[in-house]
Every structure is written in structure tokens, then in C-alpha cells.
Amino acid sequence: MPVRSDACSMGEMLAVLLARDMADGEKAIVGTNSDIQVAACNLARQRQAPHLWWVSGPGGMTNATEGIVRPAADAENIAVAEAVMDLPQMIDFIDWQVHFFDFAILGALQTDRFGNINTVCIGDHARPKLRGPGTVGISALCGLSRRFYIMMTRHDRGAFVPKVDFICGAGHLDGGTSRTDRGLPEGGPRLVVTPLGVFDFEPEGKAMRVKSLHEGVTIEEVRDNTGFDLIVPAAIERTVSPDDEELFILRRAVDTTGVLARKFPWPKAN
Amino acid sequence: MTSSRKIVSLDTALSAVQDGMTLGIGGWIFHGQPMALVRGLIRKGVRDLTLVPSPGSVAPDILIGAGCAKATACVFISFEHLGLAPNFRRAAQAGHVKVMEMDGPGIAGGLRAGACDLPYGLIPDLGTDLPRVNPEGYRRARIQEGGRPLLEVPAIKPDVVFLHGQQADEEGNIQYFGAAYFDLLMAQAARHVICSVDRIVPSSTVRQSARLTKIPSAFVDAVVVAPYGAHPGASSGLYEQDEAHLKAYVTASRDQKSFDGYLAEHVHGANGEQTYLDHIGAGTLASLSSGTSKP
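Chain order of the listed sequences is C and D. All residue numbers for the first sequence refer to our numbering, where the first residue is 206 and numbers rise by one. All residue numbers for the second sequence refer to our numbering, where the first residue is 33 and numbers rise by one.
Since the hints were derived computationally from the structure, they do not count as laboratory data. For clarity, every value in this text was computed on a predicted model and none was experimentally measured. Yeah, the Cβ is synthetic: ideal placement off N, Cα and C, and Gly gets one too. Do not rely on the hints blindly, as some may be mistaken.
Quick list of in silico lysine-lysine cross-link-like pairs, DSS-like style, CA-CA up to 30 Å [what the hints assert, rightly or not]:
no.: 1; chain 1: D; residue 1: 189; chain 2: C; residue 2: 468
no.: 2; chain 1: C; residue 1: 468; chain 2: D; residue 2: 279
no.: 3; chain 1: C; residue 1: 334; chain 2: D; residue 2: 38
Just so you have them, the derived chain D footprint on chain C, three or more residues with Cβ under 8 Å [said to hold, decoys possible]:
no.: 4; segment: 335-348
no.: 5; segment: 425-434
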């Protein structure tokens, strides 16, 4: 992948793109290793969604805000939170209740044409080529939230496969109405954000579709790096890059110590 | 402090753990990993354990790397920004450890059923491949016509659980300065509960801030005083995770021979934990408590 704009880091770009899609008053959950997710939620709270409510999945702290992007499970978040809940209570609305959360933002080892998620293994589960970390809350958040976002820090044929080797988070399953046919609540992935572009899902068949490509990215490059046929609209939009105001607020109010720039630079050119 | 019935030595506490048992492990990824207890277990040479870790990192990974586990539940075992859990990954890929694939609802429903003396919990069927690879852990439940699809998850009742809190009193009230994650639920579900704490404090200190007591003494069978007992992980409010040590651990885990070297150097020394702490060094431990490694 080519080196991108030096106006912002990849982590900042992804946080801005996710933040733009959040609405005021929504409820969200953030997992343990979630710097970009924390930044996106707090950026949205600083801009169009001041009443967005987010909770640290494992730690139970709500709306932890102090201008520093910390691991969401850390005790330091307690002093800057509005409430602290205990996990054995939280599981009721994380693992059972339908549509408590408006959205979650999830990464993956693999995703596929219908936005299913795999963080368990590459290859056969019994003797995997690569053993991943496991499912944790991904099954419940993909299955029960009103919508979810897929955030990929790499975009290549290893990560974008025709069919994931293991479904640990149900996207649109086999497309069409297969998700609700299977008994799952309405929902599924809404956007996929990657270093190359933003993708959504065609409303009928539910297959992944190009929504916009980032500055300097060509459709050929996206095709070369995607292991299945994307739906390509007649006219492809260009992603609106983070503007000065978004980056100013991100850097001066949300991520003042530059965690995103340090941890999520653009991938180096091949 | 000698009058306490709950505070015991590491060896005394670990006498409750026998070969073949099911061992629950508390904490969350790099937080509150009960490492002093885990290292003690490796020294003791326990074998054929079935692990049920909360989403964890180095605690399940080192037990698997040391050959103590024949099987493990996997809700999530990860080194987060430092990569995949190296020994778990190697053992799972080679088929040397049986992996019982689980998810958040599976462990939550199973522990809650265990805590409530119910045979199984009911969780939503979320359309994943988990029941396919773990049919004993996820059974299709009978539902009413048109009802929400559900799965049965068998009760989880670990023979022993290991937890790590920051401080305790002589009665065995365990206080946490940060989140307690699944620790209380694990304690409720388990047959025997062993907690390590970084320090022991007077009862008056516990009573001053009773809201910090996440595991009341009735749920605790043994307390082991283990300063820096969560190292190389973090203990909320007391010390950060040791990034340099964790990176060295990952490097040492590249193959079994190399990892055996790590265990020989860090775990199998005489005098157990005291030797371990001397080996890590006072300067390193002090810096982890100083707050200077934070962003």
C-alpha cells in the first residue's frame, strides 16, 4: 500500500471517519484494545453528538473523557467517568438484550463479502494455520446491536476474503435476508473503514460495496487488495479527508498525547 | 497478623490444586493476572489442568507454555498490541492443547448458572460457528414456536479459581482499585477461591472504603500476600504492566526450548517469588509504580 497523506495518521483518519457517522444520544460500547474507537466516540461527543453515551465493555466506566486516549479497561478512566458499572451486571445488556447498543466498532483478522467477522482462526479450527485471540463479546455485539462498524487497519487479500474461515460475529451471513431468517435481530454491519476507503452494503443483496476511496487510492488498487468482487457504483466518491477543525479538536481535546499518530501510522509502501 | 485463618503461604494455598482439576483464572487481558499463584503452580508441577480463563494474556499463556494444561477454554487470549498469545498460539496450532472455543455470552451464562446451581444457562443463538466446534459447550435449546433462537451453555463450576486484588484485610475481604471484571462471578461459581493481593491492610483501612471490596470474605478461601503478584501484568492503581518484560517474554516464546529457558530463569529458581522479584529488580518494579510509563 502506498504512503498516504501526511496531514494525519491512519489512526486519526479512521477515528474521524467513524466519528462522523455517530448521532447524538446514541449508546455505544468500546472494548479493551480500542484506542481508535475511544477517540472516535469522544470526537463525536465534542462535535455533533454531545450526548453520545459510551461504556468500557470490560471496565464499566461511562463517558470517560480527559483528553487522553487510554486503554478502556484502565483504572485511570474511573476518575474521569460519569459512572462505573460492574461486568456481572453489564452482561445483561451486552450479551442478552436486543438493540441496547446503537453500535459497536469491531476489528477482525478476516472479514468477507457480507461483513461477517473472524477473530478466531485462519484455516481449520482443529489445526489452524493461525490461532487468533478468540471471540469475547464480538458475537453478541454483532448479533444484538442495531448496527456495527468494521474497522480494519490493513486492507489486503489476507483480511478481505470471500468467506471467513470462522464466523464469530454475524454480519449479513450469506446476504439477502439470511441474517433475519436465521433468527437474528435487524442489524449487521453498516460501514467498513480501511486504509484505502469506506465501504457499505448494498441494501437488497447485502454484499459489500465501494462507498468512497481515500485521496490517491484507485479502484484497481482496491480490487487488487480485496479477495472478492466488490460492488462498484458507476461514479465512485472521494472520501472527504479530515478537515482542519476535526483534526484540531481531535488533537487538542481528545488525543492530546498523540496516541493515534504514534500507534497507527499509515502502512508503509510495498 | 498471625491470627488470620485466611492468609496463608503460597505453598499452603496451592495444596488445594491437584492434577486434572478445572482452574478458573480472573483478571482481564493484562489486568489482574494472578501471576504469583500461576508461577507457584508451575513450580509445583501440576499437570493436565483444564483452564477457564477470563479474557486473559500471560496467565493462561505461561501455564500452557509450561505444559500444565491439557485443555483450555478460549473466550479471548491475547497480548493485544504485543501480538497473539505466543505459547497458546503455538500449542493450539500444533494440536497440543484442546481448545474449547467460547464467547462472552458462553462464559457469562455458564458462570452465572454455576453460581446459581443451575444445570445450564440460556443464551441467544447469535449465528456463529461456536456450536459447530464446541458442541458440548453450546447445545440448541428447545424454544416456543416463533421464539428467539437460544442455546444452552452448561454450568461452569471451576474446582479452584485464582484471582488477584490490590489489598485485603485479615478476614479476607479483597479490595480492587480498578474494575473487578468477572472476578466476583468466578468466585461465586467456584468450589475453592484463592486470591493473591499486593498487600495486607488493617480492617480499619478496608472499612474506610468498603465500596472497594469487590470480593467479600465469604467468597474467599485463601489469601496469599504477593507483592507485585500480577507482574508482568498490571495491578490497578499500583503498577503498570511491564512492557519490556512482556516483549522479552514474547521473544522468548518463539519455540519451546527457548521458552523453557525463560521458565528456568524466571520461574524455577529457589525461593520462588522472592527470587523472581529480585531477578526483575527493585529499580524496574519501582518504575512500574511511579506512573512514568503512562501516556
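Each hint, compared with the structure:
no.	hint	verdict
1	D/189 to C/468	violated, 40 Å
2	C/468 to D/279	holds, 16 Å
3	C/334 to D/38	violated, 46 Å
4	335-348	holds (count 13)
5	425-434	violated (count 0)
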